[in-house]
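J.: Residue-level listing of the chains:
2 protein chains.
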Amino acid sequence: MGAADYVAIKDLAQYEGEVVEIRGWLYNRRSSGKIHFLLIRDGTGVVQAVAAANDVSTTAWEQLEQLTQESSLIIWGTVSRDERSPGGFEIHLQDVRVLQIADDYPLALKEHGVEFLLNTRHLWLRSPRQVALMRLRDRLMFELECFLRQDGFVRVDTPILTPNACEGTSTLFETDYFGETAYLTQSGQLYSEATAAALGKVYCFSPAFRAEKSKTRRHLIEFWMIEPEMAFYTYEDNLKLQEELMTQVVGNILEHCADELEEVGRDIKPLERVKAPFPRISYDEALEQLAREGLPLEWGDDLGAPHETAIADHFDRPVFVERFPAQTKAFYMEPDPNRPELVLAADLLAPEGYGEIIGGSERIHDYDLLRERIRQHELPESEFQWYLDLRRFGSVPHSGFGLGIERALTWVAGLDHVRESIPFPRLLNRIRP
Amino acid sequence: MGAADYVAIKDLAQYEGEVVEIRGWLYNRRSSGKIHFLLIRDGTGVVQAVAAANDVSTTAWEQLEQLTQESSLIIWGTVSRDERSPGGFEIHLQDVRVLQIADDYPLALKEHGVEFLLNTRHLWLRSPRQVALMRLRDRLMFELECFLRQDGFVRVDTPILTPNACEGTSTLFETDYFGETAYLTQSGQLYSEATAAALGKVYCFSPAFRAEKSKTRRHLIEFWMIEPEMAFYTYEDNLKLQEELMTQVVGNILEHCADELEEVGRDIKPLERVKAPFPRISYDEALEQLAREGLPLEWGDDLGAPHETAIADHFDRPVFVERFPAQTKAFYMEPDPNRPELVLAADLLAPEGYGEIIGGSERIHDYDLLRERIRQHELPESEFQWYLDLRRFGSVPHSGFGLGIERALTWVAGLDHVRESIPFPRLLNRIRP
Numbered sequence: 001m002g003a004a005d006y007v008a009i010k011d012l013a014q015y016e017g018e019v020v021e022i023r024g025w026l027y028n029r030r031s032s033g034k035i036h037f038l039l040i041r042d043g044t045g046v047v048q049a050v051a052a053a054n055d056v057s058t059t060a061w062e063q064l065e066q067l068t069q070e071s072s073l074i075i076w077g078t079v080s081r082d083e084r085s086p087g088g089f090e091i092h093l094q095d096v097r098v099l100q101i102a103d104d105y106p107l108a109l110k111e112h113g114v115e116f117l118l119n120t121r122h123l124w125l126r127s128p129r130q131v132a133l134m135r136l137r138d139r140l141m142f143e144l145e146c147f148l149r150q151d152g153f154v155r156v157d158t159p160i161l162t163p164n165a166c167e168g169t170s171t172l173f174e175t176d177y178f179g180e181t182a183y184l185t186q187s188g189q190l191y192s193e194a195t196a197a198a199l200g201k202v203y204c205f206s207p208a209f210r211a212e213k214s215k216t217r218r219h220l221i222e223f224w225m226i227e228p229e230m231a232f233y234t235y236e237d238n239l240k241l242q243e244e245l246m247t248q249v250v251g252n253i254l255e256h257c258a259d260e261l262e263e264v265g266r267d268i269k270p271l272e273r274v275k276a277p278f279p280r281i282s283y284d285e286a287l288e289q290l291a292r293e294g295l296p297l298e299w300g301d302d303l304g305a306p307h308e309t310a311i312a313d314h315f316d317r318p319v320f321v322e323r324f325p326a327q328t329k330a331f332y333m334e335p336d337p338n339r340p341e342l343v344l345a346a347d348l349l350a351p352e353g354y355g356e357i358i359g360g361s362e363r364i365h366d367y368d369l370l371r372e373r374i375r376q377h378e379l380p381e382s383e384f385q386w387y388l389d390l391r392r393f394g395s396v397p398h399s400g401f402g403l404g405i406e407r408a409l410t411w412v413a414g415l416d417h418v419r420e421s422i423p424f425p426r427l428l429n430r431i432r433p
Numbered sequence: 001m002g003a004a005d006y007v008a009i010k011d012l013a014q015y016e017g018e019v020v021e022i023r024g025w026l027y028n029r030r031s032s033g034k035i036h037f038l039l040i041r042d043g044t045g046v047v048q049a050v051a052a053a054n055d056v057s058t059t060a061w062e063q064l065e066q067l068t069q070e071s072s073l074i075i076w077g078t079v080s081r082d083e084r085s086p087g088g089f090e091i092h093l094q095d096v097r098v099l100q101i102a103d104d105y106p107l108a109l110k111e112h113g114v115e116f117l118l119n120t121r122h123l124w125l126r127s128p129r130q131v132a133l134m135r136l137r138d139r140l141m142f143e144l145e146c147f148l149r150q151d152g153f154v155r156v157d158t159p160i161l162t163p164n165a166c167e168g169t170s171t172l173f174e175t176d177y178f179g180e181t182a183y184l185t186q187s188g189q190l191y192s193e194a195t196a197a198a199l200g201k202v203y204c205f206s207p208a209f210r211a212e213k214s215k216t217r218r219h220l221i222e223f224w225m226i227e228p229e230m231a232f233y234t235y236e237d238n239l240k241l242q243e244e245l246m247t248q249v250v251g252n253i254l255e256h257c258a259d260e261l262e263e264v265g266r267d268i269k270p271l272e273r274v275k276a277p278f279p280r281i282s283y284d285e286a287l288e289q290l291a292r293e294g295l296p297l298e299w300g301d302d303l304g305a306p307h308e309t310a311i312a313d314h315f316d317r318p319v320f321v322e323r324f325p326a327q328t329k330a331f332y333m334e335p336d337p338n339r340p341e342l343v344l345a346a347d348l349l350a351p352e353g354y355g356e357i358i359g360g361s362e363r364i365h366d367y368d369l370l371r372e373r374i375r376q377h378e379l380p381e382s383e384f385q386w387y388l389d390l391r392r393f394g395s396v397p398h399s400g401f402g403l404g405i406e407r408a409l410t411w412v413a414g415l416d417h418v419r420e421s422i423p424f425p426r427l428l429n430r431i432r433p
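These protein sequence lines are chains A and B, in that order.
In this text, residue positions in the first sequence follow the numbering used here: the first is 1, and each later residue adds one.
In this text, residue positions in the second sequence follow the numbering used here: the first is 1, and each later residue adds one.
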C-alpha cells in the first residue's frame with residue numbers, strides 16, 4: 001500500500017478473506033438477472049467483482065446498472081480465491097461508489113484503424129496490450145540501468161540543446177537560443193566521451209531527435225537512447241560488454257514480464273536464445289552473402305532494412321555486423337589497424353528481422369587523426385575544439401555504443417511497428433496528442 | 001571487473017597483496033630523489049602509487065619523469081594497505097605504460113574564475129569536487145526512481161516535442177516540425193495524467209526547458225524533472241507521498257554518499273533532520289509572517305526567492321507552503337472546497353534558503369470546471385481536447401508533483417549556484433561546451 005489507503009489489484013493475494021477497497025475503471029460487464037460480473041482494471045491488473053442484488057443496497061445496485069465502459073469507481077468487497085478469474089482472485093462486492101459515468105467510450109472492445117488509434121492515443125494506452133507494452137518498456141529501461149550500475153557505470157546526463165551536430169546536419173531540429181541557433185541532440189556521445197574521462201564508465205540516457213522525412217516501420221522522430229561510454233575499453237571489450245548486457249537484460253525481462261509478453265502475444269523462444277557470445281559477420285562477408293542471395297550492394301553502401309533482415313536470418317540470436325567502410329560511418333570512429341579503410345565499428349542486429357538495436361565503435365583517440373577527420377567531414381572545427389581537447393589532455397583508447405529503446409522494445413515485444421513502443425509517438429506529420 | 005580486464009581503484013581492497021593493473025590519469029605527483037609518489041585517478045577513486053628507481057626498468061623510470069598532470073597511463077603493481085593513503089591502499093609500482101603525455105593542463109591545481117571553469121567544463125568535470133557532484137546527482141536520480149518503483153509506480157515517458165504549452169507561452173522554445181510549430185516541453189504532467197488513467201501510478205523523468213531571460217543562482221534553461229502522477233490520490237495523499245519520498249531518498253544518500261558529501265564540504269546535520277512529517281504553512285499565514293518580517297506581498301503575488309528563504313528559515317526541515325491563490329498557479333489545479341479562491345497546491349521548500357524543490361497539486365477532475373479554466377486562461381481549447389477527454393471517460397480525483405533534479409541536488413550538495421548541479425549547464429547565453 002502506498003501513501004493512499006487502498007489495495008492494488010496485483011496485491012490481492014495478500015488479502016484473501018479480507019474486505020478491501022479497490023479503485024479503478026470498469027473494463028467490461030456482463031449481467032445475469034440479479035448478478036453483475038464486473039471486470040475492473042486499476043492499472044496494476046484486472047479483477048472480476050461479483051455483485052448480487054441481494055447483497056448490496058438498492059442505491060448501490062442502481063449505480064451498478066448505469067455503469068458504462070471506463071466509468072470510474074471505488075468498490076468494497078471480500079477477496080476470495082477463484083481459479084477461473086483473471087489473476088486467480090475474485091471480489092464479492094459489498095458496496096460501490098461511482099465516481100464518474102463515462103461518456104460513450106470511443107475505443108469500445110472491437111477492432112479500430114491505426115489512424116484512429118493514434119488520434120486517441122491518450123485513451124488507447126488504457127487497453128491491456130498497451131498497458132503491457134508500457135510495462136515492458138519500463139522494465140527494459142530499468143534492467144539496462146541495473147546492469148550498468150552493477151558494472152560500475154555512473155549516469156551522467158548530456159544536453160539536449162547543443163550548438164553543433166554530431167551525426168550530420170541534414171536531419172536536425174533547430175531552435176533559437178537567445179539569438180543563436182541551437183539544435184536538438186541526436187546523440188549524447190561526444191559529451192559522454194568527456195565525462196568518461198572524468199568518471200571512467202558512464203552512460204547517458206535521454207531523448208534524441210532525428211528530423212527524418214521517412215515514414216517506415218522503424219523510424220521515430222523523437223526516441224530514447226541509452227549510451228554507455230567507457231574509458232580504456234577496446235573494441236573487443238565493447239562488444240563483450242554488449243553481449244553481457246543483452247543476455248542479462250533479456251533474461252530478466254523473460255523472468256519478470258512473462259504476463260506482459262503473453263499479453264502482447266510474443267513467442268518467447270527466440271528471446272530465450274539470447275545468450276552470449278553472439279555471432280559476428282564482417283561487412284565484407286555480409287556483402288558477399290547478400291550478393292549470393294540477390295541483394296547486391298556496392299562496397300561502401302550502407303545496409304538497409306532488407307539487408308539487415310537477410311543477414312540476421314542466418315543466425316538464431318543477435319549478430320554483430322562489424323568493420324564497416326569508414327565512409328559509411330561517423331567521423332569519430334577508430335580505423336581498423338589492419339585495414340585503415342575500415343573502422344572498428346559494429347552494429348548489433350536483432351534476430352527475426354527487427355534490424356539494428358545497437359550501434360557502437362571504438363573512438364579515435366589520436367588528436368591529429370581526429371582533427372583530420374573533422375576537416376574531411378567539413379565539420380566546424382571551432383565547435384569541436386572542446387572535443388579535440390579530450391585528445392590533448394590524457395587521451396585514452398575508449399569505446400561506447402548507443403542502444404535505441406524503441407527499436408529494442410519493438411524486437412523484445414515482437415511489434416510490427418515502432419509506434420506502439422513509446423507512449424506518445426512522434427512520427428512524420430504526427431505530433432498529437 | 002567489467003568486460004575489460006583491469007581493476008577499479010574503488011575495488012583495491014579486494015586485491016591486497018596481489019599485482020593489479022590500474023588504468024587512469026595522473027592527478028598529481030611529487031618526487032623525492034629516486035622515488036616518485038604518483039596520485040592516480042581512474043574515475044572510481046584516487047590511489048597513491050609509489051615508484052622507486054631501483055624497482056622499475058630504466059624505460060619505465062624515464063616515462064615517469066615525463067608525466068604531466070592528466071597524462072593517461074596504465075600501471076602494474078602490488079596492492080598494500082596504507083592508512084595514510086587516500087582510500088587506505090597504496091600501489092608499489094612495478095611497470096608503467098604511458099598512453100599520452102598531456103599538454104599543459106589549463107586547470108592546474110589552483111583557483112580559477114567561474115567563466116573560465118564553465119568554458120572548460122569538459123575538463124573541469126574531472127576535478128574531485130565535480131566528480132563527487134556527478135556521483136551525488138547519479139545517486140539522487142537512482143534513489144528517486146527506486147522509491148517510486150518500490151511503491152508500484154511505472155515509468156512512462158512523455159514527449160519533449162509538443163504542439164501546446166502547459167505552463168504558459170512566454171518562455172517556450174519553438175522549432176519547426178515538418179511545417180508546423182512545435183514547442184519543447186516545460187513539463188510532462190498533462191501526458192502523465194493520461195498514463196495515470198492507464199497504469200494507476202506513473203512517473204515521467206526527462207529534460208524540460210524554460211526559455212527564461214533570467215540569470216539567477218537558481219535558473220537553468222534546460223533541466224531534469226521527475227514527475228509522479230497518481231490516479232485516485234487526494235491532495236493529502238500527495239503530500240504524504242512527498243514526505244516519504246524525501247525522507248527515504250535523503251536518508252539513502254546520507255548512507256551511500258558520505259565520501260561525496262564530505263568532498264563537496266556539505267554539513268550533513270541539516271540533511272539528517274529530513275524526516276517526515278514536514279511542517280506546513282498556508283500561503284495566507286506565510287504572507288502574514290512575511291509582512292511581520294518586512295517582506296510584505298500583496299495577496300495573489302507569487303513568492304520570490306527572498307520570501308521562500310524567509311519562510312524556510314523558521315523550520316529545521318523541508319516545509320510545505322500550501323493553498324495558494326488560484327491566480328498565482330496553473331489552470332489545472334483543483335480548488336480548495338472550503339475556499340474556492342484557493343487551489344489545493346503545495347510547494348515544498350528546502351531548508352537553508354535553497355527554495356522550492358517540489359511543486360505539486362491535486363488536479364481538476366470535473367470536465368466543466370476544467371473547460372472553464374482553459375477558457376479563462378485563454379488556452380487553445382482544441383489543443384486540450386485530448387486532455388479534457390480524460391474528464392469525460394472515467395475521470396477520477398488525482399494528484400501529482402514535479403521535483404527538479406538540479407534544484408534538489410543544489411540543496412543536497414549545498415551548492416551556491418545551480419550551474420554545478422548538471423554536467424553541461426545551459427544558462428542564459430551559454431550553450432557551450
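There may be inaccurate statements among the hints.
The list that follows gives simulated cross-link-like pairs (lysine-lysine, PhoX-like), each with its CA atoms no further than 25 Å apart [unchecked claim]: (1) A:Lys10 / B:Lys10; (2) B:Lys10 / A:Lys240; (3) A:Lys240 / A:Lys269.
Honestly, the hints are just simulated from the structure, not real lab data.
J.: If you draw a straight line from the CA of A:Lys240 to the CA of A:Lys269, is it 25 Å or shorter?
T.: holds, 23 Å
J.: Would the pair A:Lys10 and B:Lys10 pass a check requiring their Cα atoms to be no farther apart than 25 Å?
T.: The given pair, whose Cα atoms are some 40 Å apart, is violated under the 25 Å limit.
J.: Given the proposed pairing of B:Lys10 with A:Lys240, does the C-alpha separation stay at or below 25 Å?
T.: holds, 22 Å
In summary, the one numbered hint that this structure violates is 1.
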